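Enquirer: Residues per chain are reported as follows:
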Amino acid sequence: MRSSHVKAIWLFERLGLDGALAGDLLEESASGRSTIWYWRQILAAIWIGIWGAIFGHKVLALRAVATGCAANATWLFVLKFLHPWAPPFPMMFDPSNHPLLTTLLTQFATGWIVARTHRPYAIPMVVVFVMWLALWYVGGTLSGNESRFLAHLARYISTVDVGLLVGGIVGAHPNGQLILADKSGAGLNT
Amino acid sequence: MSNPNYLGEFELLVMLAVIRLGEGAYGVPISREIEQETGRDVAFGTVYATLERLQNKGLLRSNLGDATPQRGGRAKRYFRVTATGLRTVRETKQSLIRLWRGLRELEGGVA
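Those protein sequences? They're chains A and B, same order as listed.
For the first sequence, my numbering assigns the number 1 to the initial residue and increments by one for each residue that follows.
For the second sequence, my numbering assigns the number 1001 to the initial residue and increments by one for each residue that follows.
Any given hint could turn out to be false.
Claimed, not checked - Straight-line Cα separation of at most 35 Å, DSBU-like style, residue types lysine-lysine; simulated pairs: (1) A:80 to B:1057; (2) B:1093 to A:80; (3) A:58 to A:80; (4) A:7 to A:58; (5) B:1057 to A:7; (6) B:1093 to B:1057.
Unchecked claim - Pairwise CB distance ranges, derived in the manner of DEER restraints: (7) A:138 to B:1104: 46 to 56 Å; (8) A:170 to B:1101: 58 to 68 Å; (9) A:35 to B:1087: 36 to 46 Å; (10) A:58 to B:1083: 24 to 34 Å.
As the list claims (entries may be wrong) - Below, a sample of chain A positions facing chain B; criterion: calculated Cβ distance under 10 Å: (11) 22; (12) 27; (13) 31; (14) 35; (15) 52; (16) 161.
Hint data in this document are derived by calculation from the structure and do not stem from the laboratory.
Note that the coordinates shown come from a computational prediction; the quantities given were computed from them, not determined experimentally.
Don't be surprised by glycine CBs; every beta carbon is placed ideally from N, CA and C.
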């Protein structure tokens, strides 16, 4: 359970969830709860924390989408400059049109930028951008009469979304605050 | 007529649990109290989100206790009800009593 707890604390710090909640979960799991119960609680806390931050900060969410689009537009410009044959947006970011590493690196950088410019709620704002981009991609793929939609979607999720989320996690401030921020400034005793 | 501090069902449960627990109200006993008294499974994340909302409304206040090794070095966050919180719970109780009164369908304890 201790190793699970270390992973949970790492996640909580990246997501800005209250450290007291992590302590409560460890205390409760020590009283006979299963590992499955523990991780179900962790995932529920993360889910609630992310959605709470998104719905509580809608303007910030819009700004995150705009920031992500601006970053991706920059990569688009650079890639178009380097490869004039590149397809139009949004298929531009179809992983099958570029080397895997290019897609991963550009999306990693975008995720990092969105996280760094929305630090108090970094991960939720990256999640908003991931969802928005995924919807855009699905729309673009469907309108293009794509016959191998699922295959493309799988490739997309495994590269673009992974790149964005990893970049977001790296860029997120470890002590960003989502739930029950310690307004006294006393910090979460570690 | 509108009350900005109107309490939802789960908010009321959390407020009552905090009041019942007094000085020792932190995440674990609050969640246990709700589970025991209502018989429903409670996600700690939901309890914390509700506690945060109630704190933002000025109905609760919190402070951090000491960190302990049993909790992986994480401090307990203790919650106390404020005067506004107590008044709001009383008002909610009065509203519920008024709504309850005279409902023949709910008399006698038969569903």
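Enquirer: When you check the alpha-carbon spacing of residue 80 (chain A) and residue 1057 (chain B), does it fall within 35 Å?
Expert: Distance ~51 Å between residue 80 (chain A) and residue 1057 (chain B) Cα, so the pair is violated.
Enquirer: Tell me if the straight-line CA distance from residue 1093 (chain B) to residue 1057 (chain B) falls inside 35 Å.
Expert: 18 Å, holds
Enquirer: Under the criterion of a CB-CB separation shorter than 10 Å, is residue 161 (chain A) in contact with chain B as hinted?
Expert: 23 Å, violated
Enquirer: Check the following: the C-beta atoms of residue 58 (chain A) and residue 1083 (chain B) are separated by a distance inside 24 to 34 Å.
Expert: 32 Å, holds
Enquirer: Is the hinted pair residue 58 (chain A) and residue 80 (chain A) satisfied, with a Cα-Cα distance of at most 35 Å?
Expert: With Cα atoms ~32 Å apart, residue 58 (chain A) and residue 80 (chain A) stay inside 35 Å; holds.
Enquirer: Can the restraint linking residue 1093 (chain B) and residue 80 (chain A) be considered satisfied, given a maximum Cα separation of 35 Å?
Expert: 65 Å, violated
Enquirer: Tell me if the beta carbons of residue 35 (chain A) and residue 1087 (chain B) are separated by a distance inside 36 to 46 Å.
Expert: With Cβ atoms ~43 Å apart, the hint holds.
Enquirer: Does residue 27 (chain A) meet its interface restraint, that is, does its C-beta lie within less than 10 Å of any C-beta in chain B?
Expert: OK, holds: residue 27 (chain A) within 10 Å of chain B, min 5 Å.
Enquirer: Please check whether residue 138 (chain A) and residue 1104 (chain B) have a Cβ separation lying inside 46 to 56 Å.
Expert: 54 Å, holds
Enquirer: Have a go at the residue 31 (chain A) hint: is there a Cβ in chain B nearer than 10 Å to its own Cβ?
Expert: 8 Å, holds
Enquirer: Does residue 22 (chain A) hold up as a contact with chain B if the rule is Cβ-Cβ below 10 Å?
Expert: 5 Å, holds
Enquirer: Within 58 to 68 Å: is that where the Cβ-Cβ distance between residue 170 (chain A) and residue 1101 (chain B) falls?
Expert: Given range 58 to 68 Å: holds, Cβ gap about 59 Å.
Figure legend: structure checked against the earlier numbered hints; hints not met, in rising order: 1, 2, 14 and 16.
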